[in-house]
Amino acid sequence: MLDFAEALLDPWSTREQVIWNLQIVFMGMMVSLSCGLVGCFVVVRRMALLGDAVSHGILPGIVTAYLITDSLSIGPVWIGACLAGLGCGASIEWLRTKTPLREDAAMGLTFTSFFALGIVLLSLEAGATHLDPACFLYGEIGLTPLSPKLELWGLPSGNQALWNMGVVCLTTMISVIVFYRFLLVTSFDCSLARSLGMPVIWIQYGLMLLLALVVVASFESVGVILVLAMMILPPVSSAFLFHRLPSILMCCLPLSIFYSVAGLQLAYSMNFPISASMALAGIVIFLPCCLLGPNGGVLTNSKKLKTRKSSRDLSAN
Amino acid sequence: MFLPIWKKLKYMLLILVLSKEASVLKAAQISSESDKDWINQAIRFWTFTDPSIQIIALGAILIGINCGLMGGYVVSRRLSMFGDTLSHAVLPGIAVGFMFSQSKNEAVLMIGATLSGFLGVGIISLLKRHTKMKEDSAMGLVLSGFYALGICLITYLQQSPNGGTSGLESYLFGSLVGLSDRDLVPLCFCLSLIIICFILLNKELLLSGFDPSFARSVGLPVDILQFCIWILMAFCIVSSLQVIGVVLVSALLIIPASTAGLLTYRMSQILVYSGILGALSGIVGCFLSFMGERLPAGPVIVLCSTLLFLAVLFFSPARGILPSWFRTRRRGQRIRFENTLKACYQVLESRSFSSQSFPQTALAQRRGKSDAEIEKEIGVLIREGYATRQEFPTEQKSELPSETMVSLTPSGWEIASRMIRNHRLWELYLTKEASYAPDHVHDDAEKIEHVIGEKTVRQIERILDNPQRDPHGKPIPSQDDIDRGWLSPPLVADK
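Sequences listed follow chains R and C, in order.
So the first sequence is numbered by this note's numbering: it starts at 1 and just counts up by one.
So the second sequence is numbered by this note's numbering: it starts at 1 and just counts up by one.
It is worth saying that the hints were derived from the structure and are not from the lab.
Just so we're clear, the structure is a prediction, and the values are computed from it rather than from any experiment.
All residues carry an ideal CB built from backbone N, CA and C; glycine is no exception.
It is possible that some hints are incorrect.
Short derived list, chain R residues pointing at chain C, Cβ under 10 Å [said to hold, decoys possible]:
| hint | residue |
| --- | --- |
| 1 | MET47 |
| 2 | HIS56 |
| 3 | SER113 |
| 4 | SER123 |
| 5 | LEU124 |
| 6 | MET230 |
| 7 | LEU233 |
| 8 | VAL236 |
| 9 | CYS290 |
| 10 | GLY296 |
| 11 | ASN301 |
| 12 | SER302 |
Partial list, derived from the structure: chain C residues whose beta carbon lies under 10 Å from chain R [said to hold, decoys possible]:
| hint | residue |
| --- | --- |
| 13 | PHE82 |
| 14 | HIS88 |
| 15 | HIS130 |
| 16 | GLU135 |
| 17 | ASP136 |
| 18 | SER137 |
| 19 | GLY145 |
| 20 | GLY298 |
| 21 | PRO299 |
| 22 | PHE309 |
Within a straight-line C-alpha distance of at most 27 Å, the following computed DSS-like cross-link-like pairs (lysine-lysine) qualify [unchecked claim]:
| hint | chain 1 | residue 1 | chain 2 | residue 2 |
| --- | --- | --- | --- | --- |
| 23 | C | LYS474 | C | LYS455 |
| 24 | C | LYS134 | R | LYS303 |
| 25 | R | LYS98 | C | LYS447 |
Given these sequences and hints, build the entire structure.
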């Protein structure tokens, strides 16, 4: 018991450590919150694997932008990533409609090719860069506190990486709130949205752009594959708890706090990479939700089925 | 075109067998020598004299064939994203296998990887069956969750005191370095397993893949066959992991098979083609990775197969995009000049075939186009040898410029009168046999005249009992007229 408490308190023992770790936790929270908010709509639209495809497909754009501008500042990288993401999406669509390929094959073919292209570009230019292929795979959220300090009007105002992610997170929240009605209707009933005169295609593209923005902002922290975990885990876990979309969206906030704090603790005690342990924390919280969740959890479901069956037996008798 | 590859393969299999007996194959780092001259490097690669190069080339080819063959079924059963999930889900198994064996023991790693892949697949189907989660979220969840677990375990292992874990990192992107002759054994095993399964279960796999409900109704164990495919897929993925890497191994399952799907529709041919394409991209990618200093093998092999896919997509003679674009263009051109020739005929007809030539301005009037456009169209006809043009000076007194007279050559006449004949016969057919109104048939005939075959025309003629006039009262040229090169006198006289 003492060991456990020690392990729990270990990352928070000195003042420097608290500041250092709070930055990481804050970063992780913002990453998983913005991923989760976008992920809710992505999961509802059954595009979860498209999210995976886009997160892989943006790699050549990021690398090209990096090679051209020689910096990882979010502006050019975002433009490059959006271009690559759109190229990826467009070629999936083109292959699906204009060639005999099926959707899954078109998707698998496109994003793996884009990813391979990105890796090859990266390794051709490797050496002088601090872009490391493995970094794309599991990110370096632990290095957040090392990013340059930002000065606003001569005052030290915190961490560059945190500000970037904060802007992205705020953008995501604002766009979800502003366009909530459109996103809701187009996600659940496309034909109703069309009959209401909503620009369904543009909303789709807007969601893709938002997805690209979030993925680009997060890839440095959690890597391209774990972005998928951050996108899928919050909506699927909270969907077992709540029935309505607003509650599911709201639930992303406590979940993201849990992910980042628990991920950090796990990473400290077991020496895991922080991003991967955030995803593990997500899995850990997903399991009880899936089993015991009031809204369609496995055990509650089977209990309900049993009572329904017994009542049917009674009425038959 | 692919024959040399097969020969090479046979040759190399022979080398493998011989050298295995002599046990001279040693694991060696490729491109470790300071030989920077790339021509020498290329020669060194393609002559296959170096045992380490023999191993990596053979390994890449075997992986290409394995994944290509397997991919044929993966793509046709729409399991592409499933393959991606499976390939990510094996990562924790590799780490756990490593923990157990405390070394890079292939057998243990493979067993661990296969088990964890199956665990992932099982979880997907459980989630799909017992909760309201959709397949894509379940796959995404398993993919990222297992992957996170794998990353954690691998990092944990690397930090543990007993070293020798450096090989695990290569499972992410793959490398040809350090591929030893022992690594070829699982590949050969997997290849023979796949081939045996495909030959023995050919009919059953085909049937259960394309029509599961019929397969079930004739008593085939569809679920067991599906399970069979999963096992083969897991073996194939796990045995290729070391060279291609976790992230991209699904690409080799998808891309060669998709390429083969563009070339042919028959399953057996798809399997053969995709095996060959996989082997080709394996060997070329392996070569490029060997030439480049830091190029990781997996992505390069995947890029090679993507390039092959693009080449086939754009240039394959039967269904490629560029050839069919050219065909469409050529057909458009043919229809254009056939229309011009038809207009020539109509001009001649309006002048009751009084002379063999007619002024170009009359054609321009007929088609409602400017003189310059007609000039161009006639130019095309002359270039193709369907018409000739002569300048006739008008009478001296006249102020008008000289008049250009056009006359059709025999071949031009043949096409023109055939088009007219098709057009008018079709109009008559529609009015008589399909009871169209006579003023509704023109547009349809305008389209069909270019594509209707000689045989069909004869048939229509027989059905209509060799008609002389179309619904608008114009004479229909007969085959005799076409052969004779001019319209028969009675018809002209009738006119």
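Violations among the numbered hints, reported as their numbers in ascending order: Of the numbered hints, all hold.
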